[in-house]
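Top to bottom, those sequences are chains U and Y.
No gaps in the numbering here: position 195 of the first sequence is 195 in our numbering, and each next residue is one more.
Each number in our numbering corresponds to the 1-based position in the second sequence with 1000 added.
Just so you know, the hints here were simulated from the structure itself, not pulled from any lab data.
Watch out, some of these pointers could steer you wrong.
[Claimed, not checked] Lysine to aspartate or glutamate pairs mimicking EDC-like chemistry, simulated, CA-CA at most 20 Å apart: (1) 1091/Y / 1058/Y; (2) 1091/Y / 122/U; (3) 289/U / 323/U; (4) 1091/Y / 1046/Y; (5) 455/U / 469/U; (6) 1091/Y / 323/U.
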Amino acid sequence: MVHGVGRHDPLSSLLRVYQTFRSNLRSPEAPVLFEDRIPDWRLDDVNEDGTPPYLRLVPRFPAERGDVSAVYLYEVNYSTLAGLVRQNHPLDLTRLFVGFDMAVVASRQKLKNPNPTLRVGDPARLARLLQRVSGVLAAATVPILGVPSILLRNYTETFVAAYTRFFEDVATFALDKNGEQLIAAHIDRTVANIVGSDRFARREGSQQNDLVIAAHSLGSVVVHNHLVRKWTSADQRTCVPSRLVTFGSPIGLITWLWLFLDFPGLTFNADEPAGTNYFCWSPESNAGKAAQPLTWINVVNCLDPIATAFPLAAADLSRPEAEVSGSLIGGGVTHRFCGDSKVTSVGAAHMTYLDDRSGFIEILLRTADLRHEDPLTVPCVAPETHWRSTRSTLSTLFVVLWLLAAASAALYCALVAWKFRDARVMWSVAVFAVPRATIWLLAFWQRLFFGGPTKRIPDERIAALSWFDLTSFPYRLRRAIGPLFGARREVDPNQPGRPFATRALKVLSFFPTVVAMMVPIAVGAVLAGAVPDPRISIGWYLAGLIAFTLYLILCAACELVASWKSVLEALGLSPESLAESPPEFRT
Amino acid sequence: MEVTWEPSADRLLQQRDRFTQRAIRQEFEEAIEHGPSPTLRSIEFDTDRKGFLTPVADERYSVVWYLENDAAVVRAVVPTTRFSAETANLKARVQDIVQLESHGAVNVR
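Use the sequences and the hints to build the structure in full.
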């Protein structure tokens, strides 16, 4: 089991997987036998000192010839490693997001006559939607990482830590060559230790031992990277799993993103020079080489914002589809859809795979031979139902979030109206009624304040951006006026960052928000004909700041949900498109 | 079809919690309501004495029973469904597993 982003304790994560096989971890009571999904297996060994640590399960009754006689359960996560890499070299998330936004706009404006290796949706439309999402990320750093977060850090620390850790881990593997190499070497060594151990080498009769990997979230990207490197390797075939289960996997999303940002026309080309690429990955070609066959099941939870089904080509971009198909037992990756489509699942869907005992866990147990039925016969949600319910729930969620955002803005305006003793101040709520406009304005200022050249986006690339694009306009404007305020035209990679300037910019980047917060006050002042006395209790300021911060976060959430829904439409996953012609990668 | 749970089967059942007991009893009685049938996934392990295995409780347990005078007589319940009709000596395997599970107290011979 390879885990994704976040903090993990190796032993705890290993035991958690085992415990989910035996009990319902969401129950508040200690488990009973009924919850045990594998009563015919007994725990034979717990080896905390193994490299990696493992649990050994053996059948309770003598196995028949050809049956599995033992299952070793290992856990791998690179979280500690990634955490240390980032601890030694912290990244500034605001710059990361604005840099990403700049890379997206640069690639979007260069996108002409695409011939995508991944045939999914209209690339130009998907690029516009990606830009919308990158704008939300850039804008969201104002309330989440900026002044409100600093002032309210006692209450928001955990949330902010989870938020930053998620993106830091992604950046560690996708953008930081050191991080990628350390993590790749770590997983290679772990797999080599497992398949090179006496336990794995020991065979009974003609029985062959199988390596089964289950990988979650970014862990699946790490495993995918491992697979592509070893799949056609002549001397490291044993390191290729015979069965792979990916769950909550962003492979489709990240592969498309890589193609979009680093390959002209979204066409994969292993010979393309990678020196100025956005991603730190080095493309290599496996075309024409014999590959170790494997079974690959990809599980997608309903409303998991990161997980997708993906086209066959994403399994190995460097090989023709026919070759990839030939290396996959069954001819392709089998996608399975699980999980609830409740509104409350949206925030949790990515982290609840291990709680889905009759769906995902059953697939996992069967794939690992802990249950002897076929994993593909586990009842799952039909793809059409999955996409339909996803869209429907997102529509509901958008309305709920919009209402909450409006309520937060109304609460803020009500606080101001109360001070003025004039209910007409509430009219100013109308100014805050369009989350998209709020986010665009926030993103505009972030782009203006932080949108200078980066290690990946040189000044020439910014100079080539269009003035007549609402996204690139602030970047061009900054380039034109930035030098007047001391902005540099080139990054010096040998110099340390400028923490004081960055902090000052972060404080300054809250200024547009302060202006927005002044709108109801200005309305009140005009209506009352007087400016209110600023000497009020600190509680009023705090309440106002919390209400407005909440409003901004809800606007960002609204925009993400709206973009997500639009992406489904762009991918041909709307009910109308599904009825006409279902896309190949959808099932 | 009438079902008789022999004391040996009852004893094995009582080693489980009440949820498991209920699931096994109910599912089994529903499964063989109309007699053993291949569509209900019962496996005949003893053709001479009409002995059957029926998987129950989400395919986690097998009920070991005999068809006697048009009634089902349940002899044992074991926590595995790893039985295949193609196994060369299925009867011996069932006997071994029942013996192991009951610590030698139950014999389906």
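Consistency of the hints with the structure:
For the proposed pair residue 1091/Y and residue 1058/Y, the alpha carbon gap of about 23 Å is over 20 Å, so the pair is violated. The hinted pair formed by residue 1091/Y and residue 122/U fails the criterion: a straight-line CA distance of about 61 Å is larger than 20 Å. Between the alpha carbons of residue 289/U and residue 323/U the distance comes to roughly 9 Å, so the proposed pair stays at or under 20 Å and holds. Taken as a hint, the residue 1091/Y and residue 1046/Y pair is honoured in the structure, with Cα atoms around 6 Å apart against an allowance of 20 Å.
Proximity of residue 455/U to residue 469/U is assessed by CA-CA distance (about 23 Å); at most 20 Å being required, the pair is judged violated. Pair hint residue 1091/Y plus residue 323/U does not hold up; C-alpha atoms about 46 Å apart against a cutoff of 20 Å.
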